[in-house]
Amino acid sequence: MAPKFKKKRKSGRPLIKLRSRGCADRPLDYKDLEHLETYLTPQGQILSRRRTGYSAKCQRDLKRSIKRARHLALLPFVG
Amino acid sequence: MTKLYEGMYLVDNDVVREDWNKAKALVTGAVEKHGGKVVTARRWDERRLTYKIAGRRRATYLLAYFEIDEGALPAMTRDLELNEHVLRYLQLAVEKVPETEFELSEAETSAEFSVPEPPGDDYVEEETAPQPEEAARPPASEEAPAAAEGDPAPAPEGDGASETPEAETPQAEAAETEAAETETENTEGEPVAAQED
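Residue numbers (the numbering used here), protein chains in the order written: chain G, 53 to 131; chain Z, 1470 to 1666.
Calculated from the structure, these hints are not laboratory results.
A quick note: this is a predicted structure, and the numbers were derived from the prediction, not measured.
Every residue, glycine too, gets a C-beta built ideally from N, C-alpha and C.
It is possible that some hints are incorrect.
[What the hints assert, rightly or not] Derived DEER-like restraints, expressed as beta-carbon distance ranges:
(1) Z:Ile1522 <-> G:Pro79: 38 to 44 Å
(2) G:Arg101 <-> Z:Gly1524: 33 to 39 Å
(3) Z:Leu1473 <-> G:Gln97: 31 to 37 Å
[Said to hold, decoys possible] Distance condition first, Cα-Cα at most 35 Å in a straight line; then the derived DSBU-like pairs of lysine-lysine:
(4) Z:Lys1521 <-> G:Lys83
(5) Z:Lys1521 <-> Z:Lys1491
(6) Z:Lys1565 <-> Z:Lys1472
(7) G:Lys83 <-> G:Lys109
(8) G:Lys109 <-> Z:Lys1502
(9) G:Lys109 <-> Z:Lys1491
(10) G:Lys115 <-> Z:Lys1506
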């Protein structure tokens, strides 16, 4: 039986996943800014694991690399 | 016990303008003063800082690999802290020096190499201002073309967290809820239908 109505989405925007294969393909380094910028929102926040698709270990490495780059003023804390 | 370290140093552009070797000696001198040995040291980049450090908007980055005794490192970092021309530093213990570093640092020692003079503190590159946003967005939309139907800008965490764009789970949920609703409709509708008959 065909559904009569579709369930409404609570949020209008779709969740965009990067679907990365893991950090083994391209090691995370605080000097590799082009790579790190792909894991930041336009406001400079680090994307969650849901969005990056990283394992817990890779996500920790990502966090560490971004924070090192922020310390050296290579990446912004905000905006 | 000696360890190999990778150090990234932000050097004041005023010193770099005077003499690059003098700026380099700020770091290499500190390492050698405390019994360390500099393996490689080179100019990594000169760029605009994402936020002001010590009133500076631009600085030169110096990347160095050096061996130093673990016990001597705190004394060396204290020297760097006291040095006004080293704006900031990051020192990490590493296992080995990347092979490309030797070539790049050797290129700096050649006679042809010259350090370009750093621009003024207020200088802004035309390309760098829009780059971060543009560079960040296209890969996200390319890698997830199915999900990027609407606005390519990623949604805030809290909004999109409860709903995923994958077709399977929401449909399954919708089917379950509809099935439940049709059952309730039927149960409610039966007595009415009986009355009509």
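For each hint, the structure was consulted:
Here the CB-CB span from Ile1522 of chain Z to Pro79 of chain G is close to 27 Å, at odds with the stated 38 to 44 Å. Evaluation of the 33 to 39 Å hint for Arg101 of chain G and Gly1524 of chain Z yields a pass: the beta carbon distance comes to about 38 Å. At roughly 34 Å, the beta carbons of Leu1473 of chain Z and Gln97 of chain G sit within the given window of 31 to 37 Å. Restraint check: the Cα-Cα separation between Lys1521 of chain Z and Lys83 of chain G comes to about 19 Å, which is no more than 35 Å; the hinted pair holds.
Taken as a hint, the Lys1521 of chain Z and Lys1491 of chain Z pair is honoured in the structure, with Cα atoms around 23 Å apart against an allowance of 35 Å. Proposed proximity of Lys1565 of chain Z and Lys1472 of chain Z is supported: the alpha carbons are some 10 Å apart, at most 35 Å. The hinted pair formed by Lys83 of chain G and Lys109 of chain G meets the criterion: a straight-line CA distance of about 19 Å does not exceed 35 Å. Distance restraint check for Lys109 of chain G and Lys1502 of chain Z: the Cα-Cα separation of roughly 38 Å exceeds the 35 Å cut-off, and the hinted pair is therefore not satisfied.
Restraint check for Lys109 of chain G and Lys1491 of chain Z: not satisfied, since their Cα atoms lie roughly 41 Å apart, outside the 35 Å limit. As the CA atoms of Lys115 of chain G and Lys1506 of chain Z are separated by approximately 31 Å, the hinted pair is consistent with the 35 Å bound.
Checked against the numbered hints above, the structure breaks hints 1, 8, 9 and satisfies the rest.
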